[in-house]
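**Q** Could you build all of it, start to finish, from the sequences and the hints given here?
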Amino acid sequence: MEAARDREEQHAGHGGEARAGTGRRIGVFICHCGSNIAGTVDVRRAAEAVRGLRGVVYATDYGYMCSDPGQALIRRAIAEQGLDGIVVAACSPSMHEATFRRTAEAAGLNPYRLEIANIREQCSWVHQEEREEATRKAIALIASLVEKVRGDDPLEPLGTPVTRRLLVVGGGIAGMTVALEVADAGHEVILVERGAQLGGRLSQIRETYAALSPLAAPLETLVERVREHPRIRVLLESEVESASGYVGSFTVTLRPALPAAALAGDRGESNQAIGGTQYEVGAIVVATGYELLPLSRLGEYGGGRVADVVDALEFERLLADGVLRRPSDGRVPRRVVFVQCAGSRDPEHGVPYCSKVCCLYTAKQALLYRQRVPDGEAIVFAIDVRTGGRRYEEFAQRAVEEGHVLYLRGKVAKLFRQGDRVIVWGVDTLAGRNVEVAADLVVLAAAVVPSAGAAELGRRLRATTDELGFFREAHPKLRPVESLTAGIFLAGAAQGPKDIAETVSQAGAAAAKVLGLFSRPELVQEPTVATVLEELCAGCGLCVSACPYEARSLNPRLRVAEVNAALCQGCGACVVACPNKACVVRNWRPEQTLAMVGAVLGETPYRSPDAGE
Amino acid sequence: MKVALLPEGLRSRLQQRVEEASGQNVLACYQCGKCSAGCPVAGVMDLLPNQVIRLVQLGLVEEALTSQTIWYCAACLTCAARCPKGVDLPRVMEALRELAMERSGDHLPPDRLPAEALAEWPQQAVIGGFRKYTW
Ligand SMILES: Cc1cc2nc3c(=O)[nH]c(=O)nc-3n(C[C@H](O)[C@H](O)[C@H](O)COP(=O)(O)OP(=O)(O)OC[C@H]3O[C@@H](n4cnc5c(N)ncnc54)[C@H](O)[C@@H]3O)c2cc1C
Ligand code: SF4
Ligand code: SF4
Ligand code: SF4
Ligand code: SF4
Ligand code: SF4
Chain C
658 MEAARDREEQ
668 HAGHGGEARA
678 GTGRRIGVFI
688 CHCGSNIAGT
698 VDVRRAAEAV
708 RGLRGVVYAT
718 DYGYMCSDPG
728 QALIRRAIAE
738 QGLDGIVVAA
748 CSPSMHEATF
758 RRTAEAAGLN
768 PYRLEIANIR
778 EQCSWVHQEE
788 REEATRKAIA
798 LIASLVEKVR
808 GDDPLEPLGT
818 PVTRRLLVVG
828 GGIAGMTVAL
838 EVADAGHEVI
848 LVERGAQLGG
858 RLSQIRETYA
868 ALSPLAAPLE
878 TLVERVREHP
888 RIRVLLESEV
898 ESASGYVGSF
908 TVTLRPALPA
918 AALAGDRGES
928 NQAIGGTQYE
938 VGAIVVATGY
948 ELLPLSRLGE
958 YGGGRVADVV
968 DALEFERLLA
978 DGVLRRPSDG
988 RVPRRVVFVQ
998 CAGSRDPEHG
1008 VPYCSKVCCL
1018 YTAKQALLYR
1028 QRVPDGEAIV
1038 FAIDVRTGGR
1048 RYEEFAQRAV
1058 EEGHVLYLRG
1068 KVAKLFRQGD
1078 RVIVWGVDTL
1088 AGRNVEVAAD
1098 LVVLAAAVVP
1108 SAGAAELGRR
1118 LRATTDELGF
1128 FREAHPKLRP
1138 VESLTAGIFL
1148 AGAAQGPKDI
1158 AETVSQAGAA
1168 AAKVLGLFSR
1178 PELVQEPTVA
1188 TVLEELCAGC
1198 GLCVSACPYE
1208 ARSLNPRLRV
1218 AEVNAALCQG
1228 CGACVVACPN
1238 KACVVRNWRP
1248 EQTLAMVGAV
1258 LGETPYRSPD
1268 AGE
Chain X
41 MKVALLPEGL
51 RSRLQQRVEE
61 ASGQNVLACY
71 QCGKCSAGCP
81 VAGVMDLLPN
91 QVIRLVQLGL
101 VEEALTSQTI
111 WYCAACLTCA
121 ARCPKGVDLP
131 RVMEALRELA
141 MERSGDHLPP
151 DRLPAEALAE
161 WPQQAVIGGF
171 RKYTW
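So the sequence lines, in the order shown, correspond to chains C and X. Take any residue in the first sequence, count from 1 to its spot, add 657: that is its number in my numbering. Take any residue in the second sequence, count from 1 to its spot, add 40: that is its number in my numbering.
Just so you know, the hints here were simulated from the structure itself, not pulled from any lab data. Since this is a predicted model, take the numbers as computed values, not measurements. Please note: incorrect hints may appear among the correct ones.
[As the list claims (entries may be wrong)] Capping the alpha-carbon separation at 27 Å, the derived lysine-lysine pairs in DSS-like fashion look like this:
{"#": "1", "chain 1": "C", "residue 1": "K1071", "chain 2": "X", "residue 2": "K42"}
{"#": "2", "chain 1": "X", "residue 1": "K42", "chain 2": "C", "residue 2": "K1013"}
{"#": "3", "chain 1": "C", "residue 1": "K1013", "chain 2": "C", "residue 2": "K1134"}
{"#": "4", "chain 1": "C", "residue 1": "K1238", "chain 2": "C", "residue 2": "K805"}
{"#": "5", "chain 1": "C", "residue 1": "K794", "chain 2": "C", "residue 2": "K805"}
{"#": "6", "chain 1": "C", "residue 1": "K1170", "chain 2": "C", "residue 2": "K1013"}
[Unchecked claim] Which stretches of chain C does chain X cover? Using the computed rule of at least three CB atoms under 8 Å from a CB of chain X, they are:
{"#": "7", "segment": "1003–1017"}
{"#": "8", "segment": "1062–1075"}
Beta carbons are placed, not taken as given, at the ideal position from N, Cα and C, and that holds for glycine.
**A** Take a look at the structure:
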C-alpha cells in the first residue's frame, strides 16, 4: 500500500521545472517582531527589494505577523491578490510555522505552500551590530525561501489508523494505575509483568510515609480490580521480546520471562526467541520501576557479606512480621542504625544522583521500629534530610521529637562485625566528633537504580534510556510523561526515583496521554516524507541502512526501495546515501534546494520588468 | 567565637595555591565527613580532616596551616579511597604542609649542625627537620 502511494507520488515528484513556470503568485510578509527584527533589519528596504523577485507579486511588512491583525493581513492578501504561495519572514519555524500554515489554510491556500524565512534567530538576533549586512542577509534568506515556495507542491497530511489497545510493561503501582484508567475508559489493555505477581515493590511495603497509612489493603483492592477487569489481560512472568511499528500501530512480541541470570548476560543471548506471541497495540506505557543498588556494590558497608546488615526493602519485610527479628539469630534488635545515602550522591562508587525517597522512608522505618520495639534505639546517619513535599518536613520532625530517633550529621565510613554486633564508624560533623556505634541491626538506604534489563528493553522499544538506564522523557519540564518515541509513554520510577504519590500522578498523566491518542479518529502526519523514484532505484539498499528511523526497506519482488511513510521523519539521510538520486523528500527536491542555495549566493534571477511571469 | 568570613574574597590567593598544589577542587567536597569517620589518626588530630577542608573552603587557610592535623595525617590514602566526591584529601594535606614549610624558614640550619651529629642522625630525619614542625 505504501509502495502504491510512493508510485503515485513519483509522477507528481518529477517536473519541478514545469511547476516553476506555472505562474506562481507569491506573497512575502515581513514581520518586525516589535524591535526584535525591525531594530536591526531594515524591513521596509527588504520588502522593497523582494518585490522584484521572480514570482513575487506582493510584499509587505507589519509589526507582529503572528497577531490576529497580522494573520488577517495575510488572509486578506491571499484573497485580494490571488496568492498561491507565501513566504513569512519572521521568527524560527519552530515558533510559528504551524500558526501561519493554519492561517493559509483558513484562506483556502494549501498550507504546504507556505514557508518561513527565519530572519530573527538566524539573522537579526545574531547580527545586532551589523545592520547593513543583516538587512542584506534577510533579503537573501527571503529570496531563498521564495525559490523553495516556487517549487512546493500542495500536499495533504497523511492519515494513519489508530489501534485502540494499550500495552503496559510493568505491573507495579504505576502500571496498574495506567491500566485501570485506560481500561475504565473503554479500551483494551495488555499488562505484562516479569514477576510472578502484581504490585511491584509496594507488595513489600506495609505502611507509607507521611501518614503511616497501611498499604496492604488498598493495594490488594487495586490488584483485584486489575485482575478482574474485563478489558485488562494480565500476563505474569512475561516480557517484551521485540517491538516494531509506530505510534498508533505497534506490533509487539511477548514471551515468557527469562530468568534473571539471562538478563545480566549480553544482549545477543537474551534475544533468542522462545515462542513469542504477537499483539497489535496503538500505544505503549513503560512502567518498569526500580530496584535497589545491590549491597555487593557497597564494599565499605560489608558488601552484603556482614550478617544483620540489610537493605531498606529487606527491612520493610522484617517490619511486616509479627515480631521484628534480626536475620542472624532471630533476636529482637535493641539498637538499629540507619545509613542514608548508601551509594547515592556518590559518583565515585555508586550513583551521582539523590535517590529522593530514602530520607522520608528512613524516617518512617525508624518511627515504625520505635513503635514495634518501644525500648529500642534508632540512630540515623544522614548528610542531609531532604523533605520536599506536603507534610514531609513535619513528618521527619515527628521522628525526631516523638520517635526520639537520633540523627547524626555525617556519612558512615565503614562497618564490620564484632561478636554478635555490627560496629559502625561514623561522624557527627556538627559536633566535630567521630563516633562508633555498636548496633544489633544496620539498615542501608541503598540507591534507587533502574530495574535490571531496562536499557535492553529501551533498545527493543526504541525508547531511549539515559546513561544510568532510566527512561528519558521528551522534555524534562514540558513533556515529562512522553518518551522520545511517539506513542511510548512513561510512568513511575522507571523514569527516575519517585515516591508513590508522584508515581500515581504521573501514571494518571500517562493514561490521559494514551486516551488523548485513542480519541483521535486517525493520526495525521506531516506529508513531507521521502519517496522513491522507482525507475532510478537500483535496489542497492544503501538507503535502507542509512535511514535512522527504520522507515525504508527493499521490496523483494520489485527489487526497489520502499518507504513506510508513517515512520519516515523526512530527515533526508536516504537522499544523501542514494547513489542514483532515486530518493526524494517531498517539497525538498534537489532542484529546489539548489535554487535556494543559488538565491542565497545572489544568483536569484530577478524578473525582468516586462517578462510578466 | 566569630570570624570574618572570606577575608580575601570568595577565591583567595591562598585557597588557589592550595588548589594548584593539590590539583583538587576543594569546592567539590560536600562535607559528608566520611573522610573523618574512617581516618585512623583522627583520634589525635585537633581538627577532623573534613574540618581542614572546610576551613580552606571558607578562605580560613591560615587556621588550617596552624593546625596539627596536617602534620598528623599519615597520608594513608584511606579517605581518598572512600570519598564519594573523589576529593584527594591527602593531596590537600600535603599542599598545606608545603605552604606551611615554605613560610616557616629553616629550623635546623644545616651549616651549624655538628659534623658528628650529621654523621649519626638519620638523614631523612635531618632533612625533614629543616622546615617541619612550625612551632
Ligand atoms: C524501602 C522503601 C520504602 C519505601 N516507602 C515508601 C513510602 O512509604 N511511601 C512512598 O510514597 N514511597 C515509598 N517508596 C517508593 C515506592 O516503592 C515507589 O514509589 C513505587 O514502588 C514506584 O512504583 P512503580 O510502579 O513505578 O515501580 P515498581 O514498584 O518497581 O514496579 C515495577 C514493576 O515492573 C516490573 N518490571 C520491571 N522490569 C520489567 C520488564 N522488563 N518487563 C516486565 N515487567 C517488569 C517489576 O517486576 C515490578 O513489578 C519506598 C521505596 C523503598 C525502596
Ligand atoms: S533521599 Fe536522602 S538518603 Fe536518599 S539519596 Fe537523597 S539525601 Fe540521601
Ligand atoms: S527521509 Fe530520513 S527517515 Fe525518511 S526514509 Fe529517508 S532516511 Fe529514512
Ligand atoms: S539507495 Fe537509491 S538506488 Fe539504492 S535502494 Fe535506496 S533508493 Fe534504490
Ligand atoms: S569524604 Fe570527601 S566529600 Fe566527604 S567530607 Fe571528606 S573530602 Fe569532603
Ligand atoms: S590520608 Fe590522612 S586524613 Fe586521610 S585517612 Fe589517612 S591519615 Fe586520615
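**Q** Hint by hint, say whether it matches the structure.
**A** Hints and how they fare:
no.: 1; hint: C:K1071 x X:K42; verdict: 34 Å, violated
no.: 2; hint: X:K42 x C:K1013; verdict: 35 Å, violated
no.: 3; hint: C:K1013 x C:K1134; verdict: 18 Å, holds
no.: 4; hint: C:K1238 x C:K805; verdict: 19 Å, holds
no.: 5; hint: C:K794 x C:K805; verdict: 17 Å, holds
no.: 6; hint: C:K1170 x C:K1013; verdict: 26 Å, holds
no.: 7; hint: 1003–1017; verdict: holds (count 5)
no.: 8; hint: 1062–1075; verdict: holds (count 6)
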